[in-house]
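As you go down the protein sequences, you meet chains F and E in turn.
Each residue of the first sequence is one higher than the one before, starting from 1 at the first, in the numbering used here.
Each residue of the second sequence is one higher than the one before, starting from 1001 at the first, in the numbering used here.
A couple of the hints might just be wrong.
A few chain E residues facing chain F, derived, Cβ under 7 Å [to be verified]:
(1) G1010
(2) P1013
(3) S1014
(4) R1019
(5) L1026
From the structure, some residues in chain F lie toward chain E, with a derived Cβ separation under 10 Å [said to hold, decoys possible]:
(6) V168
(7) G176
(8) V196
(9) K198
(10) K200
Label pairs and their computed distance ranges (CB to CB) [unchecked claim]:
(11) T1016/E - D240/F: 45 to 51 Å
(12) I67/F - E1068/E: 54 to 60 Å
(13) E180/F - L1080/E: 41 to 47 Å
(14) E72/F - L1024/E: 41 to 47 Å
(15) D240/F - E1068/E: 56 to 62 Å
(16) G232/F - G1010/E: 46 to 52 Å
Simulated from the structure, these hints should not be mistaken for lab results.
Since the structure is predicted, the reported quantities are computational estimates derived from the model, not experimental observations.
C-beta: ideal position from N, C-alpha, C; glycine also.
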Amino acid sequence: MLHDVLPTEQTAAAAVPQARGRAIVVTSGKGGVGKTTTTANVGAALAAGGATVVLVDADVGLRNLDIVMGLEARVRHHVLDVLEGGATLDEALVTDKRVPRLKLLAAAQAREKDDVDTDAFHALIDSLRERFDFVLIDCPAGIEMGFTNAIVAADEAIVVCTPEVSAVRDADRVVGLLGERRTVQLIVNRLRPDLVRKGKMLSVDDVNAILRLPLLGVVADAPDVIVATNRGEPVALDADSPAGAAYRAIAQRITGALTSAPEIPRERTFFGKLFGSRS
Amino acid sequence: MIDFLNRLFGREPSSTTARERLRLVLLSDHLSLAPDVIEALKGDLIEVISRYVEVDAANCDVTFEQQETRVAMLANIPILGMRSRHVPRPPAPPAPVAEAAAATASAPAASPNGAATRRRRRRKAPGISSPATQAT
């Protein structure tokens, strides 16, 4: 499965390293909409496409990116160790076992968000941008200090929003806080095409009629995402998963390799359900 | 089956309800997050109304309230008296009560900060020479 999505000549060429890497914060305001899953999968897809990527977990105190990535057993040092001089950056970076171009800088679990020095975090992201094509920052929920720190060094943002009134309202607030200076794009996550058709869920158009952001992609609420997370394997590396394909398309839109409008997930057919299920 | 019955009796899909609720709440959110806009609006309102009546500018209050199906602007503008040169018709007797004419398009009866009770109290006190009236 994995080899199918590893770089081809084309995708690798599309992710030509720039002079300075791009720092992109993944944020949402509301918790539980899939920020961490999005960070892990977009990062994995970018790396699988040939770019060098570092994922930074800015959710100090509620560290999760490592477990979603399946790298929890390999974390020795965390971001605060680096900021406070307890470890070097190289000691703290965890290399992904599937795609070695992908690195993780874990959050501190036994610390608080207010322990992060904003200027030092900014400097850390800047130094990572010298070494990687992409620095993806997994932002904590909320709009307090953790949010401020996570966005400070990013000049691009991905807002993750589910088709729910609470998530849309919070996303709207966050877009306001991100300011005019940053490029902000939208990922609609956990869409249920069957419910949209029945008028029981906001559609992508409904969500974006309010948020009015460039649409980076739409990811359906699919069992394969849950199964992949259970196993600590980014679904983006699963060539057979529609959600994985959505994440790969998102990565290609980020690099500029893909310019077409995102596909809106459709309902699975009866036969698709019958033969496509995983456990 | 429930879907079918809902459709039969014209109950709107929940996504439509969600859309409408979001529209209202975001309108309200955006207004509350733009204090400078509200201050400017308040200043302009006072300026316009002052051309006709003398208002208590220091005690003016403009708020927005989210209601079931709309967001309403509530302007509480105490009026101190008439401006004589703006009295429209010549033989107008000195008005005992100055009725403000600054009602908004969708003006509700009461403002959230108890303007309605204040108004009632003031109307019961005819002895006051320049009674204040609220336009809501």
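### Supplied distance hint 41 to 47 Å, evaluated on CB atoms of E72/F and L1024/E
holds, 43 Å
### Task
Starting from the range 56 to 62 Å, see whether the pair D240/F and E1068/E falls in it by beta-carbon distance.
Taking Cβ atoms as reference, D240/F and E1068/E lie about 48 Å apart, which means the hint is violated.
### Message
Using the nearest Cβ pair, does G176/F come within less than 10 Å of chain E?
### Response
holds, 7 Å
### Message
Min Cβ distance, K200/F to chain E: is it shorter than 10 Å?
### Response
Where the cut-off is 10 Å and the nearest Cβ of chain E is about 6 Å from K200/F, the hint holds.
### Task
Kindly confirm whether 46 to 52 Å is satisfied by the beta carbon distance between G232/F and G1010/E.
holds, 49 Å
#### Entry: Cut-off 7 Å, beta-carbon criterion: hint that G1010/E touches chain F
For G1010/E, the interface hint is violated, since the closest Cβ of chain F sits about 13 Å away, which is over 7 Å.
### Query
Does the nearest C-beta of chain F fall within a distance shorter than 7 Å of the C-beta of L1026/E?
holds, 6 Å
### Query
Can R1019/E be said to touch chain F, with a Cβ gap under 7 Å?
Status holds, d = 5 Å.
### Cut-off 7 Å, beta-carbon criterion: hint that P1013/E touches chain F
holds, 3 Å
### Query
Taking 45 to 51 Å as the hint, is the beta-carbon distance of T1016/E and D240/F inside that range?
Given about 36 Å between the Cβ atoms, the range is violated.
### Message
Is the interface hint satisfied for S1014/E? The criterion is a beta-carbon contact with chain F at less than 7 Å.
### Response
holds, 6 Å
### Task
Would you check whether V196/F satisfies its interface hint, that is, whether its CB is within less than 10 Å of any CB in chain E?
Hint on V196/F: holds, closest Cβ of chain E at ~7 Å, below 10 Å.
Hints 1, 11, 12 and 15 from the list above are not met by this structure, while the remaining hints are.
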